[in-house]
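K.L.:
Sequence:
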Amino acid sequence: MVFLITEGKVELSTRCDDKKVVDSFDVLNQIAQGLQQDATGNVLVEGHTDSVPISTAKYASNWELSSARAGAVVRYLVERGIEPHRLAAIGRADNFPLVAGNDAAARAANRRVAIVVQY
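Numbering (our numbering), first residue to last: 254 to 372.
Think of the hints as simulated: they come from the structure by calculation, not from any bench.
Idealized CB from N, CA, C, for every residue including glycine.
Fair warning: there could be bad hints in the mix.
Said to hold, decoys possible - Here are the simulated distance ranges between beta carbons:
id : residue 1 : residue 2 : range
1  : Ala313    : Glu336    : 29 to 37 Å
2  : Ala313    : Ala341    : 20 to 28 Å
3  : Gln290    : Ala357    : 35 to 43 Å
4  : Gln283    : Leu351    : 14 to 22 Å
5  : Ala361    : Ala313    : 19 to 27 Å
6  : Arg333    : Asn355    : 32 to 40 Å
7  : Thr293    : Ala357    : 37 to 45 Å
8  : Gln290    : Ile343    : 21 to 29 Å
9  : Gly334    : Pro306    : 36 to 44 Å
Using the sequences provided together with the hints, build the complete structure.
P.N.:
Take a look at the structure:
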């Protein structure tokens, strides 16, 4: 399952009017409920970025940004009762694009978090 996190944001916040963020929380809550009901699989949370290099005081590269995205989702799931030993946060940077291209739509699609349940 893949869902988008708003550009430039890693922290999860319900104080946003953006429908995508609200929808993301709905999806995350449904995932948490499903993971609580079926506690047999391990969960990989993969953070992804677009191909535009980032270099800020907070994120030295897309590796740090993608890792922070994954970590934010892992923290959210732990806060919802998912056992931490089942979760792993992985930063993929821009190495696994969902959509080819470098236009605005492709870049937006590639800024995401993927949740993979392993059985």
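K.L.:
Evaluate each hint against the coordinates.
P.N.:
Now the hints, each set against the structure:
Restraint check, Ala313 to Glu336: a C-beta distance of roughly 31 Å satisfies the suggested window 29 to 37 Å. Our hint of 20 to 28 Å for Ala313 and Ala341 holds, since their Cβ atoms are close to 22 Å apart. Separation of Gln290 from Ala357 is about 38 Å and conforms to the stated range, judged on CB atoms against 35 to 43 Å. The hint said 14 to 22 Å for the Cβ distance between Gln283 and Leu351, and at roughly 21 Å that hint holds.
Take Ala361 and Ala313: their Cβ atoms lie about 23 Å apart, and the range 19 to 27 Å holds. Look at Arg333 against Asn355: about 36 Å separates their beta carbons, and that is inside 32 to 40 Å. Separation of Thr293 from Ala357 is about 40 Å and conforms to the stated range, judged on CB atoms against 37 to 45 Å. Our hint of 21 to 29 Å for Gln290 and Ile343 holds, since their Cβ atoms are close to 24 Å apart.
Checked against the hint of 36 to 44 Å, the pair Gly334 and Pro306 passes, with Cβ atoms roughly 37 Å apart.
Violated hints for the displayed structure: none, as all numbered hints are satisfied.
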